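Trainee: Heads up: the sequence shown begins at 9 in this note's numbering, then just goes up one per residue.
If you are wondering where the hints come from, they were derived from the structure by calculation, not from laboratory data. Incorrect hints may appear among the rest.
[Said to hold, decoys possible] Pairs of lysine to aspartate or glutamate, DMTMM-like flavour, derived with a Cα cap of 20 Å:
1. K614 to E603
2. K376 to E394
3. K525 to E427
4. K519 to E555
5. K615 to E583
6. K615 to D599
7. K519 to E394
8. K242 to D322
Owing to the predicted nature of the structure, the values given are computational and were not obtained by experimental measurement.
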Amino acid sequence: MALIPQSFIADLLNRIDIVDVVGQHVKLKKAGANYQGLCPFHQEKSPSFSVSPTKQFYHCFGCGAHGSAISFMMEYAGLGYVDTIEELARSAGLTVPREERTANDVARLQQTMALSEVMSSAADWYRQQLKQAPRAVEYLKGRGLTGEIAKRYSLGYAPDGWQGLEAVFGTYANDEIAKTLLEGGLLIQGEQTDNQQTARRYDRFRDRIMFPIRNPKGQVIGFGGRILDQGEPKYLNSPETPLFSKGNTLYGLFEARQAIRAQEYVLVCEGYMDVVALAQLGFPNAVATLGTACTANHVRMLLRQTDRIVFSFDGDAAGQRAAQRALEACLPLMSDDKEIRFLFLPTEHDPDSYVRAYGAPAFEKVIKEAMSLSSFFFKIVSQEHELTTPEGRAHTHHAAKPLLLSMPPIALRTQILREVAIRTNSTPAELESFCGLTVAPAPVQSNAYVSHPQRSNTNPHFGNTNRTPGAPWQSAKGAAKRVQPIAPPQAPTDLAEQLLRVLIQFPHLGKSLDANKRTLALKASKLRSEKAFALMQDLLAQCDLVELIPGEAGKPPSVGAGSFALFQEQLSRSEFAPLYEVLRKRVMGSDLDLEGAMADLEGSFKKLELTDLKQEMTDITQKISGGTATDQDRARYRELGERLKFN
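Produce the complete structure using the sequences and hints provided.
Mentor: Quick look at the structure:
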């Protein structure tokens with residue numbers, strides 16, 4: 009079985025123009041060096057969707073959607089990876105080549121294809137069984153569901169038998185069949201006893217209403233089963249499989265996408281039945297988590313669909329805990345144009361029962377009146393704390409600190425911090441200092457020599473960088489004349505990010521850096537913060553993985569127009585992906601070309617080398633002033649003075 013070579017994918021991105029690809033589906037207008045339009049992945053009234061012809065990359069500053077022409081077609085048209093490449097290659101007049109896969113590649117692909125086919129076949133069989141199960145049909149009718157809704161969500165029924173799926177796949181005694189069914193989570197294998205030659209194999213889902221779980225392409229990747237009568241567990245989900253991950257999947261999202269965009273918000277519930285029943289009752293924009301806490305990936309998926317999320321939870325303690333976990337997942341992804349609310353229904357109701365008891369207009373009303381994110385934030389951090397006592401206010405600060413630190417530096421964070429400060433009889437500055445969001449500058453010593461520090465650059469994503477330059481040694485009255493040192497260097501706070509910005513746009517320049525320049529880059533980022541240091545380490549390692557396009561007719565390897573897009577997709581798989589997202593936003597509007605990038609790097613490293621020399625000179629000066637300098641130190645001091653003079 010053959011694989012599409014990466015070199016061809018790079019060449020394809022060089023030959024096609026992302027502006028043409030996106031422009032076939034989105035109305036674009038020229039805006040400076042880029043093109044802008046309304047994002048096709050979420051509802052918006054003013055354009056925040058930017059397409060860069062120089063970088064061959066798109067980015068939405070509203071929902072965060074980004075990628076190359078390949079990822080755009082996959083996301084917009086729902087095409088698979090290979091189908092997208094085939095389609096784009098045809099438009100460019102290219103034939104897609106293939107190279108042989110390794111045995112492991114073939115095995116993984118065959119496993120995925122086999123599981124996908126198995127899940128689809130099982131869903132079809134469950135759906136057929138529902139038609140032949142009057143008891144299950146009556147149960148659904150009793151919940152107010154029509155055949156139309158059951159068809160829309162492909163509801164089914166797993167009969168009350170131990171080997172029902174044998175009718176579809178054959179005997180479970182066949183190890184190959186059993187292996188695939190076990191990997192897909194449809195089968196359970198019991199422990200082997202002394203009286204058995206083989207362990208017993210039986211269906212995971214029995215006598216349950218079956219809810220197929222789909223991925224964004226509509227493919228069945230798992231199931232949820234709801235028991236008809238009393239019993240435990242009420243809901244049974246597929247286990248984690250190569251196809252299915254609870255933390256990365258939302259039930260009903262595939263079916264609800266159009267309604268979410270039309271209604272301009274998504275309602276997040278806790279159960280399959282809530283989603284299906286709400287669709288029946290006029291709320292088709294509902295989705296559900298799959299028996300697990302709401303994750304950052306869940307929130308990220310939803311914010312790509314809409315700017316407004318309403319979480320619906322039970323009003324009991326478990327609902328409060330689930331809501332708090334959702335809040336924690338939302339805070340790092342918040343922006344000032346997003347709205348997130350928390351709806352707590354009475355303990356005796358879930359969304360389905362509430363709508364049936366009070367009607368759709370009443371439910372719409374409580375949705376509009378749902379608690380804002382900021383109100384829920386205040387409730388969480390102050391609950392069980394007595395704000396009339398110093399201890400209670402301190403406990404509130406302690407609870408608020410990790411939540412505030414998790415938020416990006418947006419206006420909402422400032423407003424929440426200010427409100428918490430007011431409620432705890434504190435000043436915003438005191439709370440900021442406690443949380444470590446700002447660092448008070450050290451007092452500046454008065455001295456005869458006044459240095460001109462570089463412009464400080466505070467960046468919460470890469471660490472606080474406001475620094476006060478130290479005062480040089482000043483001789484006292486009557487003391488022996490000593491050498492007046494050059495002012496101690498200030499940490500190169502802006503150079504670290506400048507290097508990061510250049511390398512994220514031109515990774516092949518990072519690949520070509522020698523050991524000395526890499527050391528300087530790491531040292532500059534280390535002075536900025538530990539996070540910046542770790543990011544620089546990772547970025548340099550990522551640059552080393554970049555492959556250049558081989559030159560033709562003896563020409564040297566080159567970098568294509570699609571290299572930026574390919575590199576960003578590579579970075580999105582890094583553990584530092586959120587930080588790369590921040591950098592990417594800052595360089596999307598940049599018109600820096602290769603020649604300018606090389607000049608920037610050369611200038612940055614020259615400044616860093618000078619900073620190193622000044623630091624060494626300062627260290628020797630301290631030895632001289634302390635009387636501990638050696639002849640070798642003094643010789644080195646003179647040498648450094650000459651070098652700095654010529655620089």
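Trainee: Now, for every hint given, state plainly whether the structure supports it.
Mentor: Hint by hint, here is what the structure shows:
With a CA separation close to 17 Å, the supplied pair K614 and E603 stays within the 20 Å bound. Only pairs whose Cα atoms come within 20 Å are accepted, and K376 paired with E394 is rejected, the gap being roughly 30 Å. Taken as a hint, the K525 and E427 pair is broken in the structure, with Cα atoms around 46 Å apart against an allowance of 20 Å. For the given pair, K519 sits about 10 Å from E555 by alpha-carbon distance, which is consistent with the 20 Å threshold.
For the hint pairing K615 with E583, the CA-to-CA distance comes to about 30 Å; that exceeds 20 Å, so the pair is violated. A threshold of 20 Å between alpha carbons decides the hint, and for K615 with D599 the separation of about 23 Å lies outside it, so the pair is violated. Taken as a hint, the K519 and E394 pair is broken in the structure, with Cα atoms around 56 Å apart against an allowance of 20 Å. A distance of roughly 17 Å separates the Cα atoms of K242 and D322; the hinted pair therefore holds under the 20 Å criterion.
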